[in-house]
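> Start from chain A and add chain B according to the hints.
Listed in order, the protein sequences are those of chains A and B. For the first sequence, counting from 1, position 110 maps to 110 in the working numbering; every step adds exactly one. For the second sequence, counting from 1, position 74 maps to 74 in the working numbering; every step adds exactly one.
Just to be clear, a hint being listed does not mean it is correct.
Unchecked claim - Restraint ranges, calculated between C-beta atoms of paired labels, are given here: (1) A:Val263 <-> B:Glu101: 26 to 32 Å; (2) A:Ile288 <-> B:Gln235: 25 to 31 Å; (3) A:Ser42 <-> B:Phe85: 56 to 62 Å.
To be verified - Pairs of lysine-lysine residues, derived as DSSO-like cross-links and limited to a Cα-Cα distance of at most 27 Å, are as follows: (4) B:Lys120 <-> B:Lys298; (5) B:Lys264 <-> B:Lys298; (6) B:Lys117 <-> B:Lys298; (7) B:Lys59 <-> B:Lys242; (8) B:Lys211 <-> B:Lys187; (9) B:Lys55 <-> B:Lys187; (10) B:Lys116 <-> B:Lys231; (11) B:Lys178 <-> B:Lys152; (12) B:Lys211 <-> B:Lys158; (13) A:Lys207 <-> B:Lys116; (14) B:Lys137 <-> B:Lys120; (15) B:Lys182 <-> B:Lys67; (16) A:Lys262 <-> B:Lys182; (17) B:Lys108 <-> A:Lys207; (18) B:Lys211 <-> A:Lys207; (19) A:Lys262 <-> B:Lys211; (20) B:Lys187 <-> A:Lys207; (21) B:Lys117 <-> B:Lys231; (22) A:Lys262 <-> B:Lys108; (23) B:Lys67 <-> A:Lys262; (24) B:Lys120 <-> B:Lys182; (25) B:Lys211 <-> B:Lys108; (26) B:Lys152 <-> B:Lys139; (27) B:Lys231 <-> B:Lys211; (28) B:Lys264 <-> B:Lys59; (29) B:Lys231 <-> A:Lys207; (30) B:Lys120 <-> B:Lys231; (31) B:Lys178 <-> B:Lys242; (32) B:Lys298 <-> B:Lys55; (33) B:Lys67 <-> B:Lys108; (34) B:Lys242 <-> B:Lys47; (35) B:Lys116 <-> B:Lys211; (36) B:Lys242 <-> B:Lys266; (37) A:Lys207 <-> B:Lys120; (38) A:Lys207 <-> B:Lys117; (39) B:Lys242 <-> A:Lys262; (40) B:Lys137 <-> A:Lys207.
Since the hints were made in silico from the structure, they are not lab data. All C-beta atoms in this analysis are idealised placements derived from N, C-alpha and C, irrespective of residue type, glycine included.
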Amino acid sequence: MNIKKLCFSKVSQCILYSLLITPFAHGAYEAKSYAVTTWDASCSGSTRSAWDNMADAWYDEITNTGFSLFGWCLSGHCSDAFTRDGQYVNGNIINSKFADRSLVSWGNDTRHLDEGDAVMLALHGFESGNDYGGRVRVNESGGGNCNIMRSEMELGDSDLEFLHLSSCQSMDDNQWSTWWSAFGRAHQVDGFHGLMWIGSSLVNDYKDFADDAFSSTIAESWLDNMYIPDISGSDDQCPVAYAVGVNSSDTWNRIGTERYDKVHSDPSSIGYWGVIYIRGCDPAAESIIASDFSS
Amino acid sequence: MFNLTKLPNIITVALISAMSFSNVSLAESDHNSMGSNQELILVGNNKISESDIIKLLDKAVPLWSNKILDARSESNPISELSFNFILESLNDQMSNLPPEEATQAFGKVNAIHLNKKTGKLRYVNRDRRWDFERDNKQKAISLRAANEIVSKLLTQLKIPDSELNRPIVRSQIAAGAKVGSKQPQDKFEMYQIAYIPRQINGLNILQSDIKVAINHQGQVQRASIDWPEFKLDDQLQLIDRKSVLQNAAQEIMLQNPDSDLIIKSKLAYAKVNDDSFHQPVAVLSVNSLPTPYQLIIKLTESTSEYESE
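Extracted from the complex, chain A is given alone in its bound form (with noise of 0.2 Å):
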């Protein structure tokens, strides 16, 4: 027997069985995900162990390539799963990563945030008159503080689509209508309206979202898994997706259709900005969504 080419047969034979079943992301989007589970830098926050659990489980499944054979996406996402691009918990996190220069000095986002094609920032967060902050872990020598504000944010102007803030207040109702100045060209944010919740028990609602979004859309994929009524005593989880568009036919169109395996292209203008929610969801720290637009 010729023992060379019985090793060829079967190496080929395992490429090509490799090749049916292995299937590569397409690499056309990118994720990326930021988290702090200990502020035991220069910045000060409550440790929260579970929270870099929370954003991997997302990360982890929207580049899960999983299995297919003969054409067929048996499991996980195939060609349509993003790539990885960084995956960051603690370590030097600070505000200039996710600040853009036109706006702020010491803004340097286009190689960080504004880089990745969809991202998840999991920080403390927190509303300062009716801007969204987030606190980093570092303070950055030279520039800025602790804390990313909203209004110091230009999400897409380089690469951006879509932004999940695993955040609290980041998407507070007296917010609606001045986060689309956030806009460069991203297409859409999704955070909550009060206090969101940190747990083990958690973990798998940040995978699912990342899971159903390839069939459901984003926005309402964020609604289904992260929505918790009564989470504690009578006090609700709250989440918002929000998006922008030319027009309000524009705008419900994208937020009503876009998936991570369905992405427009970017508004070519923003004229109307939307949100959904959940009627009546009453979370901590906040009143019943769109009940007061003022505080």
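Chain B only, in chain A's frame:
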């Protein structure tokens, strides 16, 4: 006498001082331009002792007895489903279905994810979505009609009625405005959504529930059912309350507790650490500065010699 040889050094020090001052001023100026956010305290004051937390926990965590181990489920309905049966139940169809071993099926306008092992079912039909041009003047169907549609679907899928907790029906809303407006100018009802938690033995099962969205035409637009097989490990024995509260307090101490923290708690069943078995747990909702969190505290330990799967 003035030492001329030291003059260059003095000038250098003065220049460095001036530059440093300038940098500090710039930093402060930047900081001030962003308001006083840096002063916002986002860390708990850690001025609460473990024993005080145990007292709060003792008030918050409901009592339990051996009855909590007496929980059974007779069926595993998701494991019995097929793509065809699901489509039939939803009055839908799809050509070119994959083999039944597959966990997902995609049509041109619809998709099903069915994982019989984990008890996960997802369905969406994009032709049944809210369409702004077509539906912007329509109202959502009544709560009663939504409840009836969901109830019929769950009966068809053989989801046991005894494990359904009381449904909550909420409307999904779209609201928007032209840029410059201070608040939404337009508001639309998109769907009625039924949320149904799962319960066994009077307690909720974490990560097991049903969500169904109904469109204006009374069709199921999307459905999400998480219904894993419910199994308690036969070898479980209860941990005494004192130890449970102590374990919980130790977990809370790791999260920089604030003296103002509020704890709410309920008992439930959960899978812990991806175990294939459920077990009784105390779910703690800890509202503590600045981001609240949930902790799952086990009420039992396994007496079996081997770790469960």
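> Hint compliance check: list the failing hint numbers for this structure, sorted ascending.
The structure breaks hints 2, 9, 11, 14, 15, 16, 20, 23, 24, 31, 33, 39 and 40; every other hint is satisfied.
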